[in-house]
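Undergrad: Residue numbers (numbering that gives the first Met the number 0), protein chains in the order written: chain D, 0 to 426; chain X, 0 to 311.
Quick caveat, the hints were computed from the structure, so don't treat them as lab data. Mixed in with the good hints there might be a few duds.
Unchecked claim - Calculated pairs, SDA-like style, for lysine to any residue (alpha carbon to alpha carbon, straight line, at most 25 Å): (1) Lys190(D) - Ser82(X); (2) Lys316(D) - Ala121(X); (3) Lys8(X) - Val422(D); (4) Lys125(X) - Lys190(D); (5) Lys202(X) - Gly271(D).
Here the structure is a predicted model, which means the values were calculated and not measured.
Residue strings, one per chain:
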Amino acid sequence: MSQESLLLKNARVIDPFSKTDAIGSVLVNKGEVSFFSQDQELPTASQEIELSGKWLVPGLIDMHVHLREPGEEYKETIVSGAKAAVAGGFTAIACMPNTTPPTDNQQAVTLILQKAAQADAKIYPVGTISKGIQGSEIAEFGEMQEAGAVAFSDDGRPVSNSQLMRRAMEYGLNYGATLISHSEELSLCHKGAMNEGNWSTRLGLRGIPRAAEEIAVYRDLALANYTGCPLHLAHISTKESVSLIRRAKKKGWPVTSETAPHYFSLTEEAIGQYDTYAKMNPPLRTQEDVDAIKEGLKDGTIDVIATDHAPHSDLEKTLEFDMAANGIIGLETAVSLTLNLVREEIISAAKMVELLSMNPAKILGVDGGKLFEGGAADITVIDPERTYTYTRENVVSKSKNSPFLDWDFTGKSVLTIVAGRVVFNDL
Amino acid sequence: MTTHRFQHKHVISLRDFSPEDIDLVLQVAESFKEISTRSIKKVPTLRGKTIINLFFEPSTRTKLSFEIAAKRMSADTFNISASTSSAKKGESLVDTARNLEAMNPDIIIIRHSSSGVPYLLANNIKSSIINAGDGTHEHPSQALLDMMTVKENKGTLAGLKVAIIGDITHSRVAHSNIIGFSKMGADVHVAGPSTLIPPGIEKIGATPHLSINNAVKDADVVMALRIQKERQEDPLFPSLREYATFFGVSRKTLQFAKPDALVMHPGPINRGIEMTADIADGSQSVILEQVTNGVAIRMALLYLIMGGEGGA
Ligand SMILES: [Zn+2]
Numbered sequence: 000m001s002q003e004s005l006l007l008k009n010a011r012v013i014d015p016f017s018k019t020d021a022i023g024s025v026l027v028n029k030g031e032v033s034f035f036s037q038d039q040e041l042p043t044a045s046q047e048i049e050l051s052g053k054w055l056v057p058g059l060i061d062m063h064v065h066l067r068e069p070g071e072e073y074k075e076t077i078v079s080g081a082k083a084a085v086a087g088g089f090t091a092i093a094c095m096p097n098t099t100p101p102t103d104n105q106q107a108v109t110l111i112l113q114k115a116a117q118a119d120a121k122i123y124p125v126g127t128i129s130k131g132i133q134g135s136e137i138a139e140f141g142e143m144q145e146a147g148a149v150a151f152s153d154d155g156r157p158v159s160n161s162q163l164m165r166r167a168m169e170y171g172l173n174y175g176a177t178l179i180s181h182s183e184e185l186s187l188c189h190k191g192a193m194n195e196g197n198w199s200t201r202l203g204l205r206g207i208p209r210a211a212e213e214i215a216v217y218r219d220l221a222l223a224n225y226t227g228c229p230l231h232l233a234h235i236s237t238k239e240s241v242s243l244i245r246r247a248k249k250k251g252w253p254v255t256s257e258t259a260p261h262y263f264s265l266t267e268e269a270i271g272q273y274d275t276y277a278k279m280n281p282p283l284r285t286q287e288d289v290d291a292i293k294e295g296l297k298d299g300t301i302d303v304i305a306t307d308h309a310p311h312s313d314l315e316k317t318l319e320f321d322m323a324a325n326g327i328i329g330l331e332t333a334v335s336l337t338l339n340l341v342r343e344e345i346i347s348a349a350k351m352v353e354l355l356s357m358n359p360a361k362i363l364g365v366d367g368g369k370l371f372e373g374g375a376a377d378i379t380v381i382d383p384e385r386t387y388t389y390t391r392e393n394v395v396s397k398s399k400n401s402p403f404l405d406w407d408f409t410g411k412s413v414l415t416i417v418a419g420r421v422v423f424n425d426l
Numbered sequence: 000m001t002t003h004r005f006q007h008k009h010v011i012s013l014r015d016f017s018p019e020d021i022d023l024v025l026q027v028a029e030s031f032k033e034i035s036t037r038s039i040k041k042v043p044t045l046r047g048k049t050i051i052n053l054f055f056e057p058s059t060r061t062k063l064s065f066e067i068a069a070k071r072m073s074a075d076t077f078n079i080s081a082s083t084s085s086a087k088k089g090e091s092l093v094d095t096a097r098n099l100e101a102m103n104p105d106i107i108i109i110r111h112s113s114s115g116v117p118y119l120l121a122n123n124i125k126s127s128i129i130n131a132g133d134g135t136h137e138h139p140s141q142a143l144l145d146m147m148t149v150k151e152n153k154g155t156l157a158g159l160k161v162a163i164i165g166d167i168t169h170s171r172v173a174h175s176n177i178i179g180f181s182k183m184g185a186d187v188h189v190a191g192p193s194t195l196i197p198p199g200i201e202k203i204g205a206t207p208h209l210s211i212n213n214a215v216k217d218a219d220v221v222m223a224l225r226i227q228k229e230r231q232e233d234p235l236f237p238s239l240r241e242y243a244t245f246f247g248v249s250r251k252t253l254q255f256a257k258p259d260a261l262v263m264h265p266g267p268i269n270r271g272i273e274m275t276a277d278i279a280d281g282s283q284s285v286i287l288e289q290v291t292n293g294v295a296i297r298m299a300l301l302y303l304i305m306g307g308e309g310g311a
C-alpha cells in the first residue's frame with residue numbers, strides 16, 4: 000500500500016452505504032478514507048487531484064467475470080483481465096471457475112490468488128458447485144472457502160440435476176456459502192444459437208426460448224426457499240424471470256439476482272446479419288424483456304449489474320454463427336452503459352453505485368462496496384460527461400469480442416484507485 | 000423489356016431483392032431458357048470467368064443445376080465438396096475461403112449447413128457470393144425458379160394464393176418462397192404439424208393454419224416440402240404414417256384448392272408421404288418444369304451478377 004496520502008478534491012461523493020451524496024473532498028491516507036465537506040478546511044496531502052464535475056464512488060465490483068487462466072491464456076489472463084477491469088472502473092472482480100481445469104479444489108483457488116498478487120484489481124475466486132463442473136458430485140466448499148473462494152457456481156452450465164442442486168444448497172449452509180446459479184433448462188436449448196422468436200425464424204437459427212431460463216429460475220428459487228441457502232441468480236435476461244424473482248423476494252426467500260449491461264442495452268436485433276459478437280448465453284432477448292429488466296433494476300428485484308465478461312478470440316468468433324462461442328467482453332463498457340440508465344432517469348446515481356459496488360460486496364461478503372470505515376481505499380472516479388468512441392484499438396482486454404465496438408458513449412470511468420494506489424488514470 | 004438495373008454483387012437473401020429485381024431475374028431467365036432448347040446449348044457470355052461450387056452439404060440437384068448453368072455460359076467451373084469436419088481439423092471456413100480466393104474466382108456458389116455462412120464469406124473475401132442454400136435460412140435461387148414456374152403457368156404472381164405445406168421451420172426453400180412470393184403480391188399461407196411452424200412466421204409474411212385444408216382453400220399453388228424423417232433430440236411428430244395421413248397432400252386436399260391449382264415440390268419427393276404419387280405425377284404437377292427452370296434462373300443470376308444488362 001502506498002505510504003503517500005492522496006487528496007481527491009471537489010468531487011460529487013456518492014456512497015450509498017453511508018448515504019452520502021455531496022460535493023466534497025476525500026483524503027486517502029494509509030488505507031483510511033475520510034470525507035471533507037466544502038466548508039471544512041482541507042488537509043495537506045502528498046498528492047492532490049482536482050475532480051470537480053466528477054463522481055467519486057466506492058470501487059466498483061464485478062461479481063461475474065470469466066478470466067481464461069488457467070487454460071486459455073490467449074483469450075485473457077488474470078493480469079490482462081484485471082487491466083481491463085480497472086480501465087472500466089472496477090477495483091475488484093470475481094472470477095468464474097469454468098477454466099481449464101476448473102477451479103474445483105483448494106489448490107486451484109490458491110493458484111489464482113497467487114497470480115492475483117500481480118494484478119491491478121482485486122481478484123475474488125469463485126469455486127465450482129460440482130467437481131469438474133460435471134454435475135454429479137459436490138465440490139469441496141469448505142476447503143475452497145478456506146483458500147479464499149467467495150462463492151460457488153458451475154456458471155457456463157446449469158446444475159441440471161435438481162437433487163445435486165438441492166444437496167449443494169443444503170451442504171452450503173454449513174459454510175454460509177452463496178451459490179450462484181446459471182439457470183437454464185438445457186433440454187429446451189439443444190444447439191440453440193439465439194433467442195427463439197420471429198428473429199430466429201428470420202435468420203434460420205435454432206432458438207432458445209425464454210422458458211428455458213424461467214423454468215430453471217423457478218426451480219432454483221424453490222430450492223433456495225426449501226433449503227434456506229442464499230441463492231444468487233446470474234445473468235437474468237427475461238421478463239418472466241424478473242417477475243418470478245420479484246415474487247420470491249416478496250415472500251422473503253433468500254435470493255439475490257444480477258443482470259448484465261447487454262440485457263438492458265440490446266435486443267436480439269443486434270445480431271443483424273449473423274454478428275457473432277452479439278452471441279451469448281443467455282441470448283439477447285426482446286424489447287419487452289429489456290423494459291422488464293430496467294423495471295427490475297429500478298425496483299430492486301435485480302440487485303447487481305455484473306458484466307459476464309467472456310473473452311474469446313477470433314478463432315472462436317469468426318465462424319459460422321451456430322458454431323461460434325457464446326460470450327462477450329464487458330468490463331470496459333459497463334459503466335458507460337449503466338450511465339445511460341441514469342441519464343434516462345431509470346435509476347439514480349446512488350442506485351447505480353449500489354448495483355455496481357455495494358450490493359455485490361454484500362452478496363460476496365467481501366470488503367469494499369463502501370467508501371468509509373472498512374472501505375479498503377478502493378475508489379472509482381467517473382466523469383459522467385466524458386464522450387468517447389469505443390473502438391477495437393481502445394480495447395484493453397486481450398479479446399475484442401464486444402457488440403459495442405464503434406459505439407459513441409457519454410460518461411466513463413476516469414480514475415481507479417485500488418488499496419490507495421492509482422492503477423488507472425484517464426483524467 | 001424493363002430498363003431496371005440489377006445492383007447486387009451477391010445473391011444471399013431474397014430480402015435484399017426488390018420486386019423489380021425479381022421481375023428482372025425472371026425475364027432474363029425466360030430469355031436464357033431458349034438456349035436450353037438449341038442443339039448447341041452454349042453461349043460465350045461468361046467466357047474467362049471462374050466460378051467455384053463450394054458445397055459443404057451433399058446435393059446433386061442444385062450443384063448440377065448451377066454447374067450446367069455455368070457451363071452453358073462458357074464459364075470455367077470448379078467443384079469443391081468440402082466437409083464441415085475440416086473445421087475440426089483446424090481449418091476454419093474463412094481459411095478455406097481465403098485459400099480459394101487465391102484462385103481469383105469471380106463467383107463462389109456456396110451451400111452450407113449453417114445459416115448465415117454466405118454473409119461470413121461475403122464479409123471476408125472479394126468474390127461475388129451466391130447462396131445455394133444456407134442452413135435453415137434461405138435458398139433464393141430455388142424460390143426464384145418456383146416463382147418463374149408459377150408465373151409461366153399463371154401469367155402473374157400478384158393476387159395468387161400460395162399454400163406451403165410441411166416442415167416450415169427447417170425449410171430454407173419455404174423461407175425464401177415466403178419472402179419472394181409475398182414481395183410479388185401473392186398471399187402466402189402455411190400449414191403443417193405445429194412443431195414445424197416457427198414462431199413469428201406471420202412477421203416473415205405467411206399466415207399459419209392448424210388445418211392444411213384451410214391453408215389450401217382456394218389456393219392457386221400448393222407446394223409440399225420435403226420432410227426430414229429424423230431430427231436429433233427433437234421429437235417433432237410421432238410417425239411418417241401419421242404425417243402422411245394428416246399433412247400429406249392428396250387428391251382429397253386438392254379438392255379445397257382451385258381446380259387449376261399448381262402442385263409443386265422442391266424435390267426430392269418422398270412419394271406417399273409429403274404427397275401422394277398420383278398428385279406428384281398428375282396433370283396439375285409442375286415439378287419437372289421446376290427443374291428445367293432451375294437452370295435458366297441460375298444462368299440469369301450468374302449473368303446479372305457479372306454485370307449483364309436487362310435485355311439479354
Ligand atoms: Zn452463465
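Undergrad: Check each numbered hint from earlier against the structure, then list the numbers of those it violates in ascending order.
TA: Hints 3 and 4 are the ones this structure does not satisfy, whereas the remaining hints hold.
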